[in-house]
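Peer 1: Listed below are the residues making up each chain.
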Amino acid sequence: MAERGASGGGSGGDSLDKSITLPPDEIFRNLENAKRFAIDIGGSLTKLAYYSTVQHKVAKVRSFDHPGKDVEQEHEPPYEVSVQEEITARLHFIKFENTYMEACLDFIRDHLVNTETKVIQATGGGAYKFKDLIEEKLRLKVDKEDVMTCLIKGCNFVLKNIPHEAFMYQKDSDPEFRFQTNHPNIFPYLLVNIGSGVSIVKVETEDRFEWIGGSSIGGGTFWGLGALLTKTKKFDELLQLASRGRHANVDMLVQDIYGGAHQTLGLSGNLIASSFGKSATADREFSKEDMAKSLLHMISNDIGQLACLYAKLHGLDRVYFGGFFIRGHPVTMRTITYSINFFSKGEVQALFLRHEGYLGAIGAFLKGAEQDNPNQYSWGENYAASSGLMSTSPELCPTQRARSGTFDLLEMDRLERPLVNLPLLLDPSSYVPDTVDLTDDALARQYWLTCFEEALDGVVKRAVASQPESIDAAERAEKFRQKYWSKLQTLRHQPFAYGTLTVRSLLDTREHCLNEFNFPDPYSKVKQKENGLALKCFQSVTRSLDSLGWEERQLALVKGLLAGNVFDWGAKAVSDVLESDPQFGFEEAKRKLQERPWLVDSYTKWLQRLKGPPHKCALIFADNSGIDVILGVFPFVRELLCRGTEVILACNSGPALNDVTYSESLIVAERIAAMDPIVCSALREDRLLLVQTGSSSPCLDLSRLDKGLAVLVRERGADLVVIEGMGRAIHTNYHASLRCESLKLAVVKNAWLAERLGGQLFSVIFKYEVPTE
Amino acid sequence: MSRNREKQLVSLPLPHSQTLFVPALLEHMMAHGHHLRIPVNKPVGCRLASPRLEPGHQPEREAAFPWFGMDIGGTLVKLVYFEPKDITAEEEQEEVENLKSIRKYLTSNTAYGKTGIRDVHLELKNLTMCGRKGNLHFIRFPTCAMHMFIQMGSEKNFSSLHTTLCATGGGAFKFEEDFRMIADLQLHKLDELDCLIQGLLYVDSVGFNGKPECYYFENPTNPELCQKKPYCLDNPYPMLLVNMGSGVSILAVYSKDNYKRVTGTSLGGGTFLGLCCLLTGCETFEEALEMAAKGDSTNVDKLVKDIYGGDYERFGLQGSAVASSFGNMMSKEKRESISKEDLARATLVTITNNIGSIARMCALNENIDKVVFVGNFLRINMVSMKLLAYAMDFWSKGQLKALFLEHEGYFGAVGALLELFKMTDAQ
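Which chain is which? The protein sequence lines are W and Y, in order. Under full-length UniProt numbering, the first residue of the first sequence carries the number 1, and numbering increases by one thereafter. Under full-length UniProt numbering, the first residue of the second sequence carries the number 1, and numbering increases by one thereafter.
Some hints could be false.
[Unchecked claim] Subject to a maximum C-alpha distance of 25 Å in a straight line, what follows is the list of computed PhoX-like cross-link-like pairs (lysine-lysine):
1. 340(Y) <-> 234(W)
2. 288(W) <-> 340(Y)
3. 397(Y) <-> 231(W)
4. 260(Y) <-> 312(W)
5. 202(W) <-> 397(Y)
6. 397(Y) <-> 312(W)
7. 260(Y) <-> 345(W)
8. 334(Y) <-> 288(W)
9. 305(Y) <-> 202(W)
10. 305(Y) <-> 144(W)
11. 260(Y) <-> 231(W)
12. 234(W) <-> 334(Y)
13. 288(W) <-> 332(Y)
14. 312(W) <-> 401(Y)
15. 340(Y) <-> 129(W)
16. 340(Y) <-> 233(W)
17. 234(W) <-> 332(Y)
18. 334(Y) <-> 231(W)
If you are wondering where the hints come from, they were derived from the structure by calculation, not from laboratory data.
Could you put the whole structure together from the sequences, leaning on the hints where they help?
Peer 2: So this is what it looks like as structure tokens:
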């Protein structure tokens, strides 16, 4: 993935080819609308940031302009679907070698149409050196920004906006990366930046941070002293030497002083008593490798020790490490982690950042964009356009040099609305949305990667079919296929590339890739048709439900919810059925369902609960369009409304598979209201509220939900959360603990997953939970 | 150790050769007879006696001479030897020949071979120890000569002297087996931190021949006014004790026998010398320090002003502060033009400031304001002492005081000797 761009970037990373031809659409994307440039120039790498607007197609749904029309033709769709151009904001970050500076600046100048921009925010040690070149080439005034301020602004930004940004590194464990779920409150924390020296900064709020200490023994010491000792010039080469060396040949260890007695004394003999303690002799030659290793240990241990002392003094247990000494180098992450564990006795966590290299550029950009107030928005990492975290395994990435000789990208989409925690989460700081960590579970990882590979043809076909009038749909779909295929291959080798690998991240990546090639909603037509068909059945379904006795009806409602949930185009087992048998309907689906007792079955407890007082307000996360939402969810909603429970129905803000979107749900509700007085009055009286989740994922992250939803949940005092569907209730949130009662229900439409859970295809999960007092 | 030097060591003539200390010392110990001074009223074979309680009074029983305390470190062996000056004519006559010759040899020489040194300037005169009056001598030799020491002990049947060898330091453990197997000597091993503290408190309490043992630097942040001044350590607690040998140990001491090891660092005296040897080709601590004294570290280090053009005001850092130790050495041109002296100086400054930094953080975490620096890294090392004094004062805005002691590296050995008397006491 890092191989994009830079002709000869891989093996010929050393060549100073200033006339390289940059593939424009691959690297400096969306330049024509770019504004607000920022640049962070380090010792060898430059990071460029800019803000741009991206025009892309979105599917819009709209009711026909003839309300009250109740006689419908058999094949007339219930609403219009149209594709419109929409403009969204995106942040672009590009990292490249300083050698390409001139070529890059030329390229930007030639492609920059927007003339509003007058200044460029610059930070980093090289900002001064390249000032004139930048001003001359771009005709922008260079505004120098403070390095540490930028670093910290950038750090705050990634910690808040990028899930799984921070990770612990454990060399000998599998996986070696342990990603952290985002803590709702990132402050206070300690940032230890290891550049040529070390700065230790305590960050207390968005704007308040304090330099609490530092050390002159840092990356410059490793490089400078290492170069003197080994006659090796390059930092990366020094690290390679170090990774091959044996420090015990140079260091005086505890066992060298104590002999074998260290064991009986409870001392660890391998501890270094005196770094370079054995080299105090003129009679011996020491190998470059051994000296480099000893030096690396000496410096890493020293930094770790100081970091622990500062963490202890300030009562902090999270320490983020950054700077060129760290920058994704497994060797230094390993020694720093070791040192922190040793000196803090496990009380302090050494954390690293996936986008550590971009912090300065992000911060400089944010400084320059303060009037746009980017911090008021939520941003999301675009998996389609961003390069992942690079592999640290030597087979995949033989030299660090090859890595830095390429272009690395990060793109972040501005989300329409700010995202917050669901207030009903029992413990937001320990909430993990995903049920299975595929970085951890190799078997599950192989299965799902293969599963997504096999489903790719179908998705491509569907995408093409969704745009019959487009002449380049097939071409774009093919590009989509290649992009997603290559992402899957990357993830096979580097499951940690985008944080913890989960079914959710695989699904989200696919959605991002589809959007990237202008397939905003491949299922819009399918959904339209299915909604139309389901709406026609609504009244007969409710009539038949209403004819049942109370207890019988409750079970029928739940079965309806479950049967509706069978209609999932995301599940291959189902889409095969739906493709081959267009007549497959609600009743057929009901017959597919597992008989009670279900795989997970707390229905009896739920029924018991229903015999008690009504819930005040239920928050329901809906899943699929068509039969699922119309014949499954709405009758269930209707029953709750009749009981006197208010209902907040939450649907996705943007499309994902055949999941019902918020705008579709509005139309569907309107159409149902026209048929059903209960729903009609509830909508009118605000007892039934339709909201958007803020997400466009087939899964559900309860820590990143639309702020409006959260406000409403609080206002209405929601005391029941219903989560429906495999993506939202099994792949995610299966283990989520809430403060209130919750109902997680889904039909397992995947044989492998069903087997894992101890059941068969179309097993039913009905999990009713009451929080323990 | 090279084969070369080993050969050299073995082939040297003994005993009075000025080329090697350890075998010479042993040779003397072994030279004449193996008689043991048998304490009065004690059955033969009981080697120890209790010291008398009042000074000037002949003890009934006391530890057998010679009185040694030994601290076997990673790099250096520190030895203290008590030379009794109140030997009566009767005792003189009783004293076996080898004991006498040890005494004469040790006290009449200041260098023993190539590597053994008696720090004459540190000698404590007219000291009363365990009821006896005498002088305490301070001797050091490299740990790499330890095996020769033991080998010789075996050859000369040192075990027949039946004295107790009180030893501390890691080497007491490492060489215990060798002492026993090769020389038939049972070491009395002692905890090095206990010895360090007891030795330090003892030496401070007896003073340095009428002068104070402890001192500090007045005006540490002003090079022109900076001056060594005596310090009264009568109320030492709590103190942070920073022992700088090959590596560094940091202790928080709350009372005579209430202390804890706070932390340590592997960047110590051994690192300074090890790096200096690699960088400059020097061979000894003295040589390294001599070069360092002539060098300028700012040619090697990257200063704040080298990066920011002046002070880094956002963080309140002075332009003259070191931003990156050896940072200038990232540049090939600068590497090629740098002098050995500058490199030695930079190594010294780097190691010293780092110890200062860790010590300061420990003092803050432990809420202690007296920081006592000891250990042989400070021997003849005014540069480091002044740097530490400066660092403690400057970074704590005058809250922390750096204290130093004249017998910087010998407290462990003194502590070991004191244990010899305690053992006697216990019997």
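Peer 1: Against each hint, give a clear statement of whether it holds in the structure.
Peer 2: Status of the hints after comparison with the structure:
1. 340(Y) <-> 234(W): holds (22 Å)
2. 288(W) <-> 340(Y): holds (20 Å)
3. 397(Y) <-> 231(W): Violated, at roughly 41 Å.
4. 260(Y) <-> 312(W): Judged against 25 Å, a Cα distance of about 17 Å means the pair holds.
5. 202(W) <-> 397(Y): holds (20 Å)
6. 397(Y) <-> 312(W): holds (21 Å)
7. 260(Y) <-> 345(W): holds (16 Å)
8. 334(Y) <-> 288(W): Holds, at about 21 Å.
9. 305(Y) <-> 202(W): Given that 25 Å is the threshold and the Cα spacing comes to 23 Å, the pair holds.
10. 305(Y) <-> 144(W): holds (17 Å)
11. 260(Y) <-> 231(W): Distance ~42 Å between residue 260(Y) and residue 231(W) Cα, so the pair is violated.
12. 234(W) <-> 334(Y): Since the Cα atoms of residue 234(W) and residue 334(Y) sit roughly 15 Å apart, the hinted pair holds (cutoff 25 Å).
13. 288(W) <-> 332(Y): holds (18 Å)
14. 312(W) <-> 401(Y): holds (22 Å)
15. 340(Y) <-> 129(W): violated (31 Å)
16. 340(Y) <-> 233(W): holds (19 Å)
17. 234(W) <-> 332(Y): Cα-Cα ~10 Å, so holds.
18. 334(Y) <-> 231(W): holds (13 Å)
Of the numbered hints listed earlier, those contradicted by the structure are 3, 11 and 15.
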